[in-house]
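Novice: Could you put together the complete structure from these sequences and hints?
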Amino acid sequence: MNHRPAASALSPQSPSPRPGADSAQRAAQAGALQNHLLAALPAAEYERLLPDLEPVALALGEVLYEPGGRLQHAYFPTTAIISLHYVMENGASAEIAGVGNEGMLGVSLFMGGNTTPSRAVVQTAGDAYRLTARRLVEEFNGAGPLLRLLLRYSQALITQMAQTGACNRHHSVAQQLSRWLLLTLDRLPSNDLVMTQELIASMLGVRRESVTEAAGTLKQDGVISYRRGHISVLSRAGLHAHVCECYAVVKTEFDRLLRDAVHH
Amino acid sequence: MTTPANRILASVPAREYRRLSPHLFPVSLKFGQVLYEPGKSIRQVYFPLNSLVSLLTAVDRRRTLEVGMVGQEGMAGMPFILGMGVSGVRALVQGAGTALRMSATAFRVEFDRTPALQQALYRYTYALMAQISQTAACNRFHDAEARLARWLLMTADRVGSDEFPVTHEFLAHMLGLRRVGVTEAASALKRRNLIAYQRGKLQILDKRGLGRASCSCYQIVKTVFERSQRPRHQQPPA
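Keeping their order, the protein sequence lines are chains V and L. Residues in the first sequence are numbered from 1 upward in steps of one, following my numbering. Residues in the second sequence are numbered from 1001 upward in steps of one, following my numbering.
Derived from the structure by calculation, the hints contain no laboratory data. Ideal placement from N, C-alpha and C gives every residue a C-beta, glycine not left out. Be a bit skeptical, because a hint or two may be false.
Chain V regions said to be covered by chain L (calculated; three or more residues, Cβ under 8 Å) [stated by the list, open to error]:
#, stretch
1, 102-111
2, 142-153
3, 159-173
4, 247-258
Specialist: Set out below in structure tokens:
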């Protein structure tokens, strides 16, 4: 596992740091608001939750959950991206969904399943805020705005899973790679990704050679460039030209969740 | 009042069920009927009794893939449980039969004031999510024969019968295969006397054998659903 040195106060092992100093609190507050779900909460709700949101640094390749494992925390990524993988008995695996600043890891918690069917692995190193499983369930039972938001998010996540399944079955590796790059870019502040072709192959559940070939096509078209361990997207429009409809379907669903919800 | 065959409704205590039942209308669902289209509003939810609804994701306007199934263990109209009024998938009747239909408006009211229904449906959503994920994995990694066997077993469980109508073309849509791929897989199962097929009707002859021909995905999903039907706060009956 490729642990990145944790940024001082953001160590995953450190117990919930409840910032005493105002400045630290403001910093934490600004940080957590980079997560779209937390940012969509009414201010009072967010303030109430804030003391229990623990900042953690997630390292590339870190496994947060194994299939069937007990969920201890829910994670709200801000700059990190977590990938949900299904794992077969023979060890083969592929990504079924990604969770970045648009979402939360741990929806099973409030659905009454306290285990997860998939493996959660950090795909892009960065920061997240986590809440204990117990605290999340309390919030959920309180039937407040967080509950409604998380339910809507679950629907978007399920659509993403379904679409990924269909995309994996029917679309070319170049199309899948373009979809994956666009969804990743949407969650990142820059156009540069720390990423190897092996990692991409394991995301898409294909052989490395297929990724090399697909990435070669995109490179030839001037859409991406790559050197060891890094991919730079040179033209988003170029990616849009290569991508299948699956990207737009998933994106629309995420946009919708923050927009037009029915009110229970 | 008899207990409904639908497991979600059966899990609602009698008193609350009496409140729900005036809103539930039996309807007969026809093979091939489309209940929801992706991106379109949901006006009704359905609790299948002996019918079966396929959740399909379509790509490129023609190619589809079944991502989930809803039978007597569940409810079609999941986005409503999650507070969304719009479907993410196409819901297509795959097994004709009856279902109890409820208007979205009534569902919203009853769902809000019936904690037992909420709990059952949240747990169901969790299981359905596991099913969608497992189905994606299965379609990605397993061969046509194992997938077909899985699909037949899942269907039989949900319609409560070992015999049901099905065409090769339909199976191709469900499994994301070409027709010839379905024909090959079905012939292989037939040769081993696991299934028989005539005049559009498929019959499972040897369920145990079909279980062996299927990949582990069938059992994994079955276990998730069984577990989801046992609430955490309830002890299994002695």
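Novice: Decide, hint by hint, whether the structure agrees.
Specialist: Consistency of the hints with the structure:
no., hint, in the structure
1, 102-111, "holds (count 4)"
2, 142-153, "holds (count 3)"
3, 159-173, "holds (count 12)"
4, 247-258, "holds (count 5)"
Checked against the numbered hints above, the structure violates none of them.
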